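Student: Order-wise, the sequence lines are chains E and H. The numbering of the first sequence is this note's numbering, which starts it at 1 and goes up by one. The numbering of the second sequence is this note's numbering, which starts it at 1 and goes up by one.
Honestly, the hints are just simulated from the structure, not real lab data. Each hint should be verified, as a subset may be incorrect.
[Claimed, not checked] Incomplete in silico selection of chain H near chain E, CB under 10 Å:
(1) Gln37
(2) Ser42
(3) Leu73
Note that the coordinates shown come from a computational prediction; the quantities given were computed from them, not determined experimentally. The beta-carbon is built from N, C-alpha and C at its ideal position, and this holds for glycine as well.
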Amino acid sequence: SQKIEQNSEALNIQEGKTATLTCNYTNYSPAYLQWYRQDPGRGPVFLLLIRENEKEKRKERLKVTFDTTLKQSLFHITASQPADSATYLCALSSGSARQLTFGSGTQLTVLP
Amino acid sequence: SAVISQKPSRDICQRGTSLTIQCQVDSQVTMMFWYRQQPGQSLTLIATANQGSEATYESGFVIDKFPISRPNLTFSTLTVSNMSPEDSSIYLCSVAEGQGLGQYFGPGTRLLVL
Numbered sequence: 001s002q003k004i005e006q007n008s009e010a011l012n013i014q015e016g017k018t019a020t021l022t023c024n025y026t027n028y029s030p031a032y033l034q035w036y037r038q039d040p041g042r043g044p045v046f047l048l049l050i051r052e053n054e055k056e057k058r059k060e061r062l063k064v065t066f067d068t069t070l071k072q073s074l075f076h077i078t079a080s081q082p083a084d085s086a087t088y089l090c091a092l093s094s095g096s097a098r099q100l101t102f103g104s105g106t107q108l109t110v111l112p
Numbered sequence: 001s002a003v004i005s006q007k008p009s010r011d012i013c014q015r016g017t018s019l020t021i022q023c024q025v026d027s028q029v030t031m032m033f034w035y036r037q038q039p040g041q042s043l044t045l046i047a048t049a050n051q052g053s054e055a056t057y058e059s060g061f062v063i064d065k066f067p068i069s070r071p072n073l074t075f076s077t078l079t080v081s082n083m084s085p086e087d088s089s090i091y092l093c094s095v096a097e098g099q100g101l102g103q104y105f106g107p108g109t110r111l112l113v114l
């Protein structure tokens, strides 16, 4: 069955450092991989989407890589700030379908 | 990006009753989805709400338990029927504006069943 694993339930880092979150998947050939941010009591907020034929995508302090051979995506937040503290979710979708399958999420805490 | 609202934002219901959750989008969208997020868990897709036809349900979810309406391109409802405490969860609607684009989520409806 399809499985999506995010590296850890919780990650604590110091302000100013780069946070790196991992998303691994099995039994899936996604056309798109997406990252979302979720704050307590709120719906997820879309951050970045990367296609299967793309290796890397950037948006401001965010960078996503996608390795379809390793079946892995890395999500980086550079120069992290306490305001970046949230749960980050990766999600996959196949070519024709827009339905998303979500990972369990990583709770990031950036310490001042 | 689309702006999505949900009603109610939260509710406490008795076992055996039903609750209808509304999802309103500020623009016409093709694809609308309903998700469930159980306490401490990630999101699980319940169904895709199709305008003008029956919803498409994911494995483990059935129409009798979660009937969905989609009367137009800006509105959908999800009903949680014959509720039990196991239905206590956050229910979220989302929209996709196009293939290869991210989804936009409503704020969620927090449901507690006693």
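Student: Would you pick out the hints that fail for this structure and give their numbers low to high?
Tutor: The structure conflicts with hint 3 only, although it agrees with all the remaining ones.
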